[in-house]
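Asker: Letter by letter, the chains look like this.
Protein chains: 4
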Amino acid sequence: MRDELVRLRREIHRHAELPFLEVATAALILRELEGLPVQIRTGAAAMTIDGVVDYPSVEQRAEAAAAAVAAGFDETTLTALAENGTAVVVDIPGARPGPTWALRFDIDGLPIVESTSPVHLPARAGFASQTGAMHACGHDGHTAIGLQLARQLVDGDFPGHVRMLFQPAEEGSRGAAAMIPAGVLDGVDRFLALHLGHSLPAGLAVGTGVGVQATTKFRVTFTGIEAHAAGAPQEGRNAVAAAATAILHILALPRSSKAATNANVGTIAGGSATNIVPSSCVITGEVRSDDGATCEDLLERVRGVIDGAARTWGVESELVVTASATTLHPDDVLVDEVVAVARRLFGDAGVRRTATMSASDDATILAREVQRAGGLATYVMVGGANEHPHHHPLFDIDEDCLVPAVRWLEEVIRSADDHSLHD
Amino acid sequence: MRDELVRLRREIHRHAELPFLEVATAALILRELEGLPVQIRTGAAAMTIDGVVDYPSVEQRAEAAAAAVAAGFDETTLTALAENGTAVVVDIPGARPGPTWALRFDIDGLPIVESTSPVHLPARAGFASQTGAMHACGHDGHTAIGLQLARQLVDGDFPGHVRMLFQPAEEGSRGAAAMIPAGVLDGVDRFLALHLGHSLPAGLAVGTGVGVQATTKFRVTFTGIEAHAAGAPQEGRNAVAAAATAILHILALPRSSKAATNANVGTIAGGSATNIVPSSCVITGEVRSDDGATCEDLLERVRGVIDGAARTWGVESELVVTASATTLHPDDVLVDEVVAVARRLFGDAGVRRTATMSASDDATILAREVQRAGGLATYVMVGGANEHPHHHPLFDIDEDCLVPAVRWLEEVIRSADDHSLHD
Amino acid sequence: MRDELVRLRREIHRHAELPFLEVATAALILRELEGLPVQIRTGAAAMTIDGVVDYPSVEQRAEAAAAAVAAGFDETTLTALAENGTAVVVDIPGARPGPTWALRFDIDGLPIVESTSPVHLPARAGFASQTGAMHACGHDGHTAIGLQLARQLVDGDFPGHVRMLFQPAEEGSRGAAAMIPAGVLDGVDRFLALHLGHSLPAGLAVGTGVGVQATTKFRVTFTGIEAHAAGAPQEGRNAVAAAATAILHILALPRSSKAATNANVGTIAGGSATNIVPSSCVITGEVRSDDGATCEDLLERVRGVIDGAARTWGVESELVVTASATTLHPDDVLVDEVVAVARRLFGDAGVRRTATMSASDDATILAREVQRAGGLATYVMVGGANEHPHHHPLFDIDEDCLVPAVRWLEEVIRSADDHSLHD
Amino acid sequence: MRDELVRLRREIHRHAELPFLEVATAALILRELEGLPVQIRTGAAAMTIDGVVDYPSVEQRAEAAAAAVAAGFDETTLTALAENGTAVVVDIPGARPGPTWALRFDIDGLPIVESTSPVHLPARAGFASQTGAMHACGHDGHTAIGLQLARQLVDGDFPGHVRMLFQPAEEGSRGAAAMIPAGVLDGVDRFLALHLGHSLPAGLAVGTGVGVQATTKFRVTFTGIEAHAAGAPQEGRNAVAAAATAILHILALPRSSKAATNANVGTIAGGSATNIVPSSCVITGEVRSDDGATCEDLLERVRGVIDGAARTWGVESELVVTASATTLHPDDVLVDEVVAVARRLFGDAGVRRTATMSASDDATILAREVQRAGGLATYVMVGGANEHPHHHPLFDIDEDCLVPAVRWLEEVIRSADDHSLHD
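Chains as they are written, first to last, in our numbering: chain A, 552 to 974; chain B, 552 to 974; chain C, 552 to 974; chain D, 552 to 974.
Worth flagging that the hints you see were computed from the coordinates, not collected in a lab.
Take these hints with a grain of salt, some might be off.
[Unchecked claim] Here's a subset of chain D near chain B, in silico, CB distances under 7 Å, partners left out:
id, residue
1, Leu799
2, Leu802
3, Ala803
4, Ser823
5, Ser909
[Claimed, not checked] Label-pair ranges, simulated between beta-carbon atoms:
id, chain 1, residue 1, chain 2, residue 2, range
6, D, Ala891, B, Leu896, 50 to 60 Å
7, D, Arg923, B, Val761, 34 to 44 Å
8, D, Ile731, C, Val872, 52 to 62 Å
9, C, Arg553, B, Glu634, 48 to 58 Å
Here the structure is a predicted model, which means the values were calculated and not measured.
We put the beta carbon where it would ideally sit given N, CA and C, even for glycine.
With the sequences and hints as input, model every part of the structure.
Answerer: What follows is the structure, encoded as structure tokens:
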């Protein structure tokens, strides 16, 4: 199983793709599951494109599909994925009554140029990304684990029903929210998301992440008035300057003594020429907190900063929320269960009940939706022994983490019984 | 005459006083004019205190009077001046019909610590300021010139009528506006203000300054919410930070291709303790331009910056205009006259029709008021050979400029005839 | 005992004094202990003035003494305290062998104007501060508790030896460091500091604070070049602007995912006149973190910001560290002891082993010094039921917390035995 | 002649091209001069590509050539221009001895989207730009005037020799400096540059611009360290924030009382993703002054700001000067000559000796080079009656200005005689 998992994750790694453009990855998922006795949903049955902010354009999707064709994937499949969306939902029925599980595996990569250093395994072993994007957050492993888990479970020898959500666009927190309207959580009793890495020892099983942060992503457009920088500067209204003011003040938002208060402006683009007072500038950024109310307060303060910066420079501003995720409130009973299974498999030393995750994941939106309907949820982690932090050009997981992850999830599902059903 | 002028200006220099606190200086003026056949007005007959923003407190005025008493001036006089205001208006009637002149001489010093360097004449010759304030703008010379001119003219051998306005608080642009309501410009046909220095050769006569800048002084109070800096920073609203934002953005106001656009924040004070998010901060500043509309526009933009900074930090702000002066529009016919007189006295090489003055003077408010009523005005300058700029701890005038200034003004007044009256 | 504690703390509250100026407070301590069989040290035997940054001037101390005389305290005592320092060290020997305890009670107030609202007990009951300073951090209670505790213990019926450190200048973190060189910790086996308040129920006993933050206080002086704001702005180098830049960027220092990263600029003063480019500005501020290395890193980054701001504006800068405190590492064995005593006294519901304190206290410097010499330390807290946060004009403690605090400390000391001595 | 000038300028207007990419424009120039008895230099004989900062890439030039082919220009010509440069130098010998003239006509457009409003003649009359770039500075008129002037002068009926420099990349100030090393000024006695517009009445002839500003364009690259914005913000070094700091402080550079002090940051691009602390940011900007030394001082201060901003944020910075132009010092004798000719042609009312031009032009580099070698230079202007400022999407010239411009230049050249030669 290890060889197969390594083969899968390396091929996925090589074809890293950006959010909502995971056409090769989704095609690979479909290819690997071909012929198995599972039910597969794609397109509008797996996600709803309408309402996604900044969904890639037809051109971007066509370009992604062309690249995937060039890389050897099936053109017909790619065309459909590029047109209808890259989410894939796989249902596997169990042979006896039991809970309906939803397991989330995220499949997208990041806009990071992968390291070519020989110290970096993907570079050394020849499976570094060929696409410009990079799997610098372990989603290659997640996807491989999901595929192998499906193959293990097709024997049906487990109670209940398993649904695997291969989710696009976890990075940027837009994919989860797009899958809910397609009904992928209907009837779900238990929700699990899995994440690898976290600078924990390879294979260490963690019952739930704690400190998972709520986040809101935003884009602000500043619009001023263009003017010749020497001929009539007094007639200009400087949109780039307003953005600069906004950036410094977003970074200077008050800290809290009670919760994390992260704020970032990640990108900026503005202006047209060296000698023209710039009339346009766009920034994108985010706020995060491990406390939901604090995250909302941060967004309110960002709005104040944006208004203030615009007023200061006499320009117009418009803030659009582009994505969001929420905090995690795992259910103790489910955490107890997965921890108990892990202890049986790996011994006490191979398990922790909790570990801190100072990051966000829109799996929280799925978890909250399942909980809202009366189900249970947790967010399990498996150590990846990564030396470099997530989102780093040298990030990689120790492939020794893959088999334990599959074994753990498989055993959690096989060993569930009716008694543990919420009711 | 030179010795007397030097003696006068040195004594005045030694007793430099801050705006509206010129009690020793006014007492000296009264003392020097004692017994002369002139009419003198002080107190409410010379200026109106009501409406002056930030007029010194009773305590400040009592302190200034006490210092002047200690320096040997008459206590009764000082008490009256401290109570009723420090403006002195002197009327001298001419023996024959002619225009009514108003001549402005400003009498206040600056909050600058005078240099004690031996290269600085006042320090070397023992007449440096003993008060903490400093005559770093030549008003000591102006006052001496006015006093000597009064003595020259008491013979009455000139047409018309001369009124001398010994004006307090030119620095900060509050004194001129305070004198108008007292009626000191009633019936005035011609207005002259005199200024020494300007890095021009000693004694050079200039028919009018050009580029004199309109200015508005302002004070802004930011009010936030105090909080423990580590215990609850999220509950604070930082008034000092808002002031910092305002300062940087006032300095970054757009330049104009058409006019000077000066902006300054000169003072700041805020906060209470190192470990407390500061809830209060006060800044004072000014805008200036050689174009009146541009100056008004600058003030509007300052308001925008203040509002924006307050909004950015979630604090309250209040802007108060504390003083203002306007631009200068000298009357050609009067400039012609004074230039013609100067050429007769000093030859062409000793005269310029105009020189640039990149500064402000609230004499412009008096000039505009006289012009509004149909009179003529100009702002003459006499070179002071100052090596260091005005408002510098080493500023001083070459005393050779004093006699030419008196002779020029005297001759302008004596040689005026009815034909030059506007009508 | 309650009445006496209330009387003491109210009198202390009424005479709140600023750091190192606690002459009335120290005189009150001496007065209350007069005639008791204790050994008292003051002056150089209790603290070392040399090396304290910004120690109050002779004039400030004389003024404080004069105010205390006016309030009815003994003039001779006050003169000595104003001259030699306001620390008071009280030694009480026990009747049998045992550990030497040092107990820290801080005695200073804050530069906060106390609320006069009728909702505020000190205002309503007539014991609000009469001094301009305010006990807004509970030190009035600490001092009263220390005094009462001394009275309880003079019977000598306890093992070992008790030393009480009545410490000046806890606010600003300068007093503790000044006491160590006077030898006040020599031979100390166990260190306790006590703090009231923390928005915990009145009388709740907490075995140790956690999250106590290391802090460094600093003062930065920016020195530029003065210039007339309109006449020669290009010749100025703006010190206030550099301070503004520094402030915004200190507030925008990167947050950490691993530790608190507080930074504050609490005060600013700069500039001389509205129309002069300001050449001087002074700011004071602090950094804090619950992680010592992070606190050091913050200070390094502040230095980078100061250098950068100075370079940006072409001015000079000088940063002086004025005070510091460190993190707290309480000894479990001592925490166990004090918790056990508290449970005996108040029951389980009246005790917590730990509570978070998002603040700093230079008792940590004393604690670390005792630990360095092989002793044990903890920082106990007693709930004060304060509705408003510490350092707030409406802060006050519920006086019901005073008796439990005295009883707890007394019992901890009386019940210690040799077995618990570290060795 | 008017119809032909209008036809030419409209065709040029329609094909506006960006600096160094003026392949269609240069091809049009060559096409229009085909068959005339003039000597034409292109490629390395007209400009030196080496040393030009940010010269367009092979791909950009190929794209420009492809667009020009699509627009109907000759492919062979375009390929050569795209490969070797877009400068065109045209020599026309006169029939009798006389001065060698160099006349500069700039040919490039701006990255501005042209207005489609019906109030805008190019939109209304169907000759608006089809390229995305725009002739918003009148270079379409300049080029047409140059072409028509060449046709007029081919009769050789004038003293001396005329060399026309059709210069690329005036916008951005890189083209003039690139032409000098190719020897295009060798042997030149007199230099004229022509500029239309300036909000002056159509056809008004101006002997020389005054106030032409020296300028330096720069690009700054900030390089920090990427980090996850919530997972490890303390490990990031924020390049976008450093750029923001730099922008605000460049705009806040001190104003001068003696000269214009323009500073602009025109473009910014940085960062990679919303949730990543950005490690890279590039800004481009410029400084300008009508005083050369002030312009150099501004650049020094920009360097200080860049260093300071980088130090503040702990990032690296690199400033590259990408282009520059200098001030204009026209030779009175040549200005006298061109003014005299203009008065003969248009009468006194149609001529001004000088007009202010608050802008820059790298023709000043050519002028200075000719003057350095002993020649004379001026920069003539012809009013274009433009309602909107230069570089505005609605900028356009009144075509009535074209014929007077050609007639004036023609007559200046025809009427020169040996006596006016410098020697």
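Asker: Indicate, hint by hint, whether the structure satisfies it.
Answerer: Quick rundown of the hints versus the structure:
1. Hint on Leu799(D) holds. Least Cβ distance to chain B is approximately 6 Å, under the 7 Å limit.
2. Among the interface hints, the one on Leu802(D) holds; its C-beta lies about 4 Å from the nearest C-beta in chain B, closer than the 7 Å criterion.
3. Because the beta carbon of Ala803(D) sits about 4 Å from the nearest beta carbon in chain B, less than 7 Å, this interface hint is met.
4. At about 26 Å, the closest approach between the beta carbon of Ser823(D) and any beta carbon in chain B exceeds 7 Å, and the interface hint on this residue is violated.
5. At its closest, the beta carbon of Ser909(D) sits 4 Å from a beta carbon of chain B; the interface hint therefore holds under the 7 Å criterion.
6. Between Ala891(D) and Leu896(B) the beta carbon distance is about 41 Å. The supplied range of 50 to 60 Å is therefore violated.
7. At about 35 Å, the CB distance of Arg923(D) to Val761(B) agrees with the hint of 34 to 44 Å.
8. The hinted window of 52 to 62 Å between Ile731(D) and Val872(C) holds, with their beta carbons roughly 57 Å apart.
9. Our hint of 48 to 58 Å for Arg553(C) and Glu634(B) holds, since their Cβ atoms are close to 57 Å apart.
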